[in-house]
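A.B. asks: Okay, here's what each chain looks like letter by letter:
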Amino acid sequence: MAELALSMNQVDFAWPKSAPLFRDFDFQLPKGSITAVVGASGCGKSTLLHLAAGLHEPQNGTIQRANGRLGMVFQSPSLLPWRTCLDNVALPLELEGDPNAKEKAKQALAMVGLSNAKDKRPDALSGGMQMRTALARALATEPSMLFLDEAFSALDAITRKEIHQEFRKLHEQLGFTVLLVTHDIEEALLLANKVEVLRGQPAALTASFALPATELSRHDWKHSPAFGSLLGDIEAAL
Amino acid sequence: MNHLVNNAFVKLRIWVSPIIVLPILAAALFLWFWDSAAATQPTYLLPSPGEVKAAYSANQALIHESLYWTGYASVFGLLVSLVIATILSILFVQFRWMEFALYPYAVLLQTIPIIIIAPMLVVWLDYGMAISKTTATVVCFFPLLTSIHMGLSATPKEGLALFKLHRANWIQTFWKLRLPYALPYFFSGLRTAVGLAVIGAIVGEFPPCSNGDPPTLGYQSVYASRQSDLALAFACVCAAAVLAIALFFVVRVLEKFTIGHWHPGGKK
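Here the protein sequences come in this chain order: F and D.
The working numbering numbers the first residue of the first sequence as 1111 and each following residue consecutively.
The working numbering numbers the first residue of the second sequence as 49 and each following residue consecutively.
It should be emphasised that the hints constitute simulated quantities derived from the structure, not laboratory data.
Watch out, some of these pointers could steer you wrong.
[Said to hold, decoys possible] Pairwise CB distance ranges, derived in the manner of DEER restraints:
{"hint": "1", "chain 1": "D", "residue 1": "Ile163", "chain 2": "F", "residue 2": "Ser1263", "range": "49 to 59 Å"}
{"hint": "2", "chain 1": "D", "residue 1": "Ala149", "chain 2": "F", "residue 2": "Glu1167", "range": "23 to 33 Å"}
{"hint": "3", "chain 1": "F", "residue 1": "Asp1233", "chain 2": "D", "residue 2": "Ala76", "range": "36 to 46 Å"}
{"hint": "4", "chain 1": "D", "residue 1": "Tyr151", "chain 2": "F", "residue 2": "Ala1129", "range": "30 to 40 Å"}
{"hint": "5", "chain 1": "D", "residue 1": "Gln220", "chain 2": "F", "residue 2": "Lys1332", "range": "35 to 45 Å"}
{"hint": "6", "chain 1": "F", "residue 1": "Ala1234", "chain 2": "D", "residue 2": "Gln220", "range": "23 to 33 Å"}
[What the hints assert, rightly or not] In silico EDC-like cross-links for lysine to aspartate or glutamate, where the CA-CA straight-line distance does not exceed 20 Å:
{"hint": "7", "chain 1": "F", "residue 1": "Lys1332", "chain 2": "F", "residue 2": "Glu1272"}
{"hint": "8", "chain 1": "D", "residue 1": "Lys304", "chain 2": "F", "residue 2": "Asp1233"}
{"hint": "9", "chain 1": "D", "residue 1": "Lys224", "chain 2": "F", "residue 2": "Asp1229"}
{"hint": "10", "chain 1": "D", "residue 1": "Lys212", "chain 2": "F", "residue 2": "Glu1252"}
{"hint": "11", "chain 1": "D", "residue 1": "Lys212", "chain 2": "F", "residue 2": "Glu1206"}
{"hint": "12", "chain 1": "D", "residue 1": "Lys224", "chain 2": "F", "residue 2": "Glu1204"}
{"hint": "13", "chain 1": "F", "residue 1": "Lys1271", "chain 2": "F", "residue 2": "Glu1282"}
{"hint": "14", "chain 1": "F", "residue 1": "Lys1304", "chain 2": "F", "residue 2": "Asp1294"}
{"hint": "15", "chain 1": "D", "residue 1": "Lys224", "chain 2": "F", "residue 2": "Asp1197"}
{"hint": "16", "chain 1": "D", "residue 1": "Lys224", "chain 2": "F", "residue 2": "Glu1206"}
{"hint": "17", "chain 1": "D", "residue 1": "Lys205", "chain 2": "F", "residue 2": "Glu1260"}
{"hint": "18", "chain 1": "F", "residue 1": "Lys1141", "chain 2": "F", "residue 2": "Glu1282"}
{"hint": "19", "chain 1": "D", "residue 1": "Lys212", "chain 2": "F", "residue 2": "Asp1197"}
{"hint": "20", "chain 1": "D", "residue 1": "Lys205", "chain 2": "F", "residue 2": "Glu1167"}
{"hint": "21", "chain 1": "F", "residue 1": "Lys1228", "chain 2": "F", "residue 2": "Asp1197"}
Quantities reported herein were computed from a predicted structural model and do not represent experimental measurements.
Each residue gets a CB set at the ideal place from its N, CA and C atoms; glycine is no exception.
Using the sequences and the hints, build the whole thing.
C.D. replies: See below:
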């Protein structure tokens, strides 16, 4: 059995004065994998991500994470507008008291191809560059686990395609574990090794799709019969 | 030569820009209207701008000293309000029960007509600057509290989540996240509060003062009105307006230097 990066066991969670969102919920995340959780809006995807990242505490049950740092990319880049690109990337390292924050931030910016923009403020960057900066900020701490909360859904199609390719490359290089929540099934199929379908109230993982390891290029995979078949199956499961 | 001509054009463009020209035009129009209206009225009802200038020249030393003391009371009240409003706003954001318990009383404080309170303050605080400092503090407290409180509550959820994910402590979260996001709201409240501080100080100066109290714009304008010296009263009012504009300008400069590089409001 694969080593686990995250294990949620019999988790209960409800917002105050609301019906339970999760009851006896189990979820595992194998180390080094990219797992996508897809579901309709409001089904609890983001809450699941926040529980996994330790941003919310469950009312019952246990959540165990493997040792290592965590990184997160939100739907909006959430860059601090008064900080430069470099200072934004260095922020998590500063918070953790890393004396080499700036140096590591420069390396993270280089990884996403934004070395030239390090002195620019967020309002001088395009949407794609802002999202790359947010990705660099998440990677700067060398996380063992990365959480993506609809991270690329607000980008235009061309920028999204570029970022998907860069993200896959970075994952191959660095080997971190990824939990991606999205409502975009195509994105899930293009990035993940495994797609889980979340639905119902309380929410449950109702279907799981392991994606075949493929040597096909992104373009060929997207236009292959297997891709179309999986897309149809996931849509039916939703 | 071309360089010199270009520079001259740039300077000309700055001087003819609407930001400079329109307020000058508005002031000229106002003065013309005032002068025309004053020409049809006796001086004890409406002095002309020229008569106000003459009253200012005749009482220059008195007006300048009054301006200094009224300015002092306004700035004192503003700073005390700022400190109290900031501390309360932080407590309100940190402890919601405190907001529920105290916010209604902050609203109540705003509804109290300060002009009625000022004579009572003579009884409680005796004559002198303490009254004008208190009224200035009370009057500008509420706009500062609401703006700072709103600013500290306006931190985006994603930012708070990011700081929590990286185990930031309270001071880091406040200093690096909440406070910068609150600054535009803070300056918006401060811009309102500076004008109110001058009004509050002047209202606090209306009650008669005892011998030895420093001269103030509020007292001088009331005294001059009672003597039917409306030209001097107008000169005091103009001095108060200059004080409020100067304080507003100081706030704008501070705003520009603090948040001008990233917030659109600070760039204007």
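A.B. asks: Now look at each hint and say whether the structure bears it out.
C.D. replies: Against the structure, the hints come out as follows:
The hint said 49 to 59 Å for the Cβ distance between Ile163(D) and Ser1263(F), and at roughly 57 Å that hint holds. Under the hint 23 to 33 Å, the C-beta atoms of Ala149(D) and Glu1167(F), about 27 Å apart, fit the expected range. Distance hint for Asp1233(F) and Ala76(D): a CB-CB separation of about 38 Å, consistent with the stated range 36 to 46 Å. Remark: the range hint 30 to 40 Å for Tyr151(D) to Ala1129(F) is upheld by a beta-carbon distance near 31 Å.
Between Gln220(D) and Lys1332(F), the C-beta spacing of about 43 Å keeps the proposed range 35 to 45 Å intact. A beta carbon spacing of about 26 Å between Ala1234(F) and Gln220(D) agrees with the range 23 to 33 Å that was offered as a hint. As the CA atoms of Lys1332(F) and Glu1272(F) are separated by approximately 15 Å, the hinted pair is consistent with the 20 Å bound. Annotation: proposed proximity of Lys304(D) to Asp1233(F) holds, straight-line Cα distance about 17 Å (limit 20 Å).
A hinted pair counts as satisfied when its Cα atoms are at most 20 Å apart, and Lys224(D) with Asp1229(F) qualifies at roughly 19 Å. For the proposed pair Lys212(D) and Glu1252(F), the alpha carbon gap of about 17 Å is at most 20 Å, so the pair holds. Between Lys212(D) and Glu1206(F) the CA atoms are separated by roughly 11 Å; this keeps the pair inside 20 Å, and the hint holds. For the given pair, Lys224(D) sits about 10 Å from Glu1204(F) by alpha-carbon distance, which is consistent with the 20 Å threshold.
Under the criterion of a C-alpha separation no larger than 20 Å, the hint pairing Lys1271(F) with Glu1282(F) is consistent with the structure, at around 17 Å. Only pairs whose Cα atoms come within 20 Å are accepted, and Lys1304(F) paired with Asp1294(F) is accepted, the gap being roughly 14 Å. Taken as a hint, the Lys224(D) and Asp1197(F) pair is honoured in the structure, with Cα atoms around 11 Å apart against an allowance of 20 Å. Pair hint Lys224(D) plus Glu1206(F) holds up; C-alpha atoms about 13 Å apart against a cutoff of 20 Å.
Between Lys205(D) and Glu1260(F) the CA atoms are separated by roughly 15 Å; this keeps the pair inside 20 Å, and the hint holds. Restraint check: the Cα-Cα separation between Lys1141(F) and Glu1282(F) comes to about 13 Å, which is no more than 20 Å; the hinted pair holds. Between Lys212(D) and Asp1197(F) the alpha-carbon distance is near 18 Å, which keeps this suggested pair within the 20 Å criterion. Of the supplied pair hints, the one linking Lys205(D) and Glu1167(F) holds, its CA atoms being roughly 16 Å apart against a limit of 20 Å.
With a C-alpha separation of about 8 Å, the suggested pair Lys1228(F) and Asp1197(F) falls inside the 20 Å cut-off, and the hint holds.
Checked against the numbered hints above, the structure breaks none of them.
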